[in-house]
Amino acid sequence: MMKLLQAGIDKTGRDLSNLTLTTAIRAQDAYYNVVNLAYMQVSSGTLSYQEAIKRAILSVAKEGASVLYPSGRSDKVDVAIRRAVLTGVNQTAAKMSEAYCDEAHCDYVETTAHSGARPDHEKWQGKVFCRSGKDKKYPPFSETGYGTGAGLCGWNCRHSFHAFFPGISAPAYTKAMLNDYKAKKYEYNGKKLTDYECSQMQRGYERKIRETKRQLTACNAAMRETDDEALKSKLKMEFDDQSVRLKSQEKELRDFCKQTKRRVDSSRTQVYAVKDDQGRIRGFDRSVSQKSVWANRKLGEETLHEFVEKTSDSDIIKLTRKLNDTRENFKFISDETFDRLTIQARKKGAVILRGTKEVEAHLDKMEAAAANINDVLMFRKDVCISEVLEEMYHFEQNLARSNNDKEEPLRSILNEIDAKQYLLKNAEKYKIPRKEIDLTRQQLEFYQQELKKYQ
Numbered sequence: 001m002m003k004l005l006q007a008g009i010d011k012t013g014r015d016l017s018n019l020t021l022t023t024a025i026r027a028q029d030a031y032y033n034v035v036n037l038a039y040m041q042v043s044s045g046t047l048s049y050q051e052a053i054k055r056a057i058l059s060v061a062k063e064g065a066s067v068l069y070p071s072g073r074s075d076k077v078d079v080a081i082r083r084a085v086l087t088g089v090n091q092t093a094a095k096m097s098e099a100y101c102d103e104a105h106c107d108y109v110e111t112t113a114h115s116g117a118r119p120d121h122e123k124w125q126g127k128v129f130c131r132s133g134k135d136k137k138y139p140p141f142s143e144t145g146y147g148t149g150a151g152l153c154g155w156n157c158r159h160s161f162h163a164f165f166p167g168i169s170a171p172a173y174t175k176a177m178l179n180d181y182k183a184k185k186y187e188y189n190g191k192k193l194t195d196y197e198c199s200q201m202q203r204g205y206e207r208k209i210r211e212t213k214r215q216l217t218a219c220n221a222a223m224r225e226t227d228d229e230a231l232k233s234k235l236k237m238e239f240d241d242q243s244v245r246l247k248s249q250e251k252e253l254r255d256f257c258k259q260t261k262r263r264v265d266s267s268r269t270q271v272y273a274v275k276d277d278q279g280r281i282r283g284f285d286r287s288v289s290q291k292s293v294w295a296n297r298k299l300g301e302e303t304l305h306e307f308v309e310k311t312s313d314s315d316i317i318k319l320t321r322k323l324n325d326t327r328e329n330f331k332f333i334s335d336e337t338f339d340r341l342t343i344q345a346r347k348k349g350a351v352i353l354r355g356t357k358e359v360e361a362h363l364d365k366m367e368a369a370a371a372n373i374n375d376v377l378m379f380r381k382d383v384c385i386s387e388v389l390e391e392m393y394h395f396e397q398n399l400a401r402s403n404n405d406k407e408e409p410l411r412s413i414l415n416e417i418d419a420k421q422y423l424l425k426n427a428e429k430y431k432i433p434r435k436e437i438d439l440t441r442q443q444l445e446f447y448q449q450e451l452k453k454y455q
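The sequence shown begins at 1 in full-length UniProt numbering and counts up one residue at a time.
Warning: the hint list may mix true and false statements.
Stated by the list, open to error - Listed next, the in silico BS3-like pairs over lysine-lysine satisfying Cα-Cα at most 27 Å (straight line):
1) Lys191 x Lys261
2) Lys357 x Lys191
3) Lys247 x Lys357
4) Lys127 x Lys191
As the list claims (entries may be wrong) - Computed spacing ranges between beta-carbons, pair by pair:
5) Arg203 x Asp180: 42 to 50 Å
6) Gly147 x His105: 15 to 23 Å
7) Asn189 x Lys331: 50 to 58 Å
8) Ile343 x Leu410: 47 to 55 Å
9) Ala170 x Lys136: 18 to 26 Å
10) Trp155 x Arg340: 30 to 38 Å
11) Glu407 x Asn156: 25 to 33 Å
No lab work stands behind these hints: they were computed from the structure. No residue lacks a Cβ here, since even glycine has one placed at the ideal position from N, Cα and C.
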């Protein structure tokens, strides 16, 4: 414990009020206090880092839901605390390694290595360095960027180092091991990925889930507090929409982890506490979670049509690709191709519904092959490439609010024309079959004739 405290003193220049060396604005005293406490709890073994971080988030949320840095960057409390605690603990371990090297008069260190290292850390992991830089047989330790935020033992860095004695110590990592760490040995939807690429994609899925949970928490709190029935109804619609999105995002994360053989880390999708509009602390607790599950189930099994009808009353464009009598002669795409074509929309928050009994029934009622309403995209199980590409284009139109200055139905007509022209322009690129190209031309001519009525 004394070595731990001494390392903390050395690391902070005797300023123990900032053990994690965070650069957040000093006025946020509550943030400083809780990250320092969490740091000591983890370093001393009193609490696991997950439990310490959870307690810190709940505590600091009473003072503010985000942390502001002098650079102008703002982070959510959970992100800032996790980074500060883990980085602080690793930096203290590094100081203890430095102290041991000094005591042993050792001028050489070996860095640790692991799969999933960021590219600029990958180049120096698992290698031996000379601390003083005097021995030309070994690269200088300064090449690792040790002591800087972006280097060894810096922000979110999981690497460390230990003393190495040339002629006595044996290297911990072989060249084959290091090559294996950076190999593209994982596969997701047909694409080969490195461990680092997988970790970045997983963090992206986790961030989206946390953000959706924050939205659900805020909606739930507002619904409980308001007496305005009209407002409550709007909030309920938003809650239902976010519930569908959450389940879709969670399914994507599980599917990603299953394909890449990674573990779903539930601690990274938790939202411990957020503030509502009145400054009260709310959490994504079991009550909110159960409401979300029920809302998603209800939408999926009972009221999909009702949900879509409510959504289409908004100012978001409602666009469908009409069902064609000769569609059974078209070439349907594989699940892998469908996933590849829709992955970018999913990343941007689209909710993809495909091939369920409820979706098929709803599309039958609309006489549509596919539909795009708000950010909910519906497809039949048997789907053509042109149908998917068109709905992806409509989704981008919704995000850009294309032609929103026009009244309906002129707005939808213009967007349909743009979408058909996009398909024809990119027919060769995506290898769209001739029958689908001919149908697209027919539909384009139809909408162009409709447009003349409004000119």
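Going down the list of hints, with the structure as the test:
1. Taking the CA atoms of Lys191 and Lys261, the gap is about 14 Å. The hint holds against a cut of 27 Å.
2. This hinted pair does not check out: Lys357 and Lys191 have alpha carbons roughly 30 Å apart, beyond 27 Å.
3. A distance of roughly 18 Å separates the Cα atoms of Lys247 and Lys357; the hinted pair therefore holds under the 27 Å criterion.
4. Proposed proximity of Lys127 and Lys191 is contradicted: the alpha carbons are some 30 Å apart, above 27 Å.
5. Distance hint for Arg203 and Asp180: a CB-CB separation of about 22 Å, inconsistent with the stated range 42 to 50 Å.
6. A hinted range of 15 to 23 Å holds for the C-beta pair Gly147 and His105, which are about 21 Å apart.
7. Between Asn189 and Lys331 the beta carbons are some 20 Å apart, a value that contradicts the proposed interval 50 to 58 Å.
8. Range check, Ile343 to Leu410: Cβ separation about 32 Å, and the 47 to 55 Å hint is violated.
9. At roughly 22 Å, the beta-carbon separation of Ala170 and Lys136 lies within the given 18 to 26 Å, and the hint holds.
10. Between Trp155 and Arg340 the beta carbon distance is about 33 Å. The supplied range of 30 to 38 Å therefore holds.
11. Under the hint 25 to 33 Å, the C-beta atoms of Glu407 and Asn156, about 50 Å apart, miss the expected range.
Hints 2, 4, 5, 7, 8 and 11, counting from the list given before, are not met by this structure.
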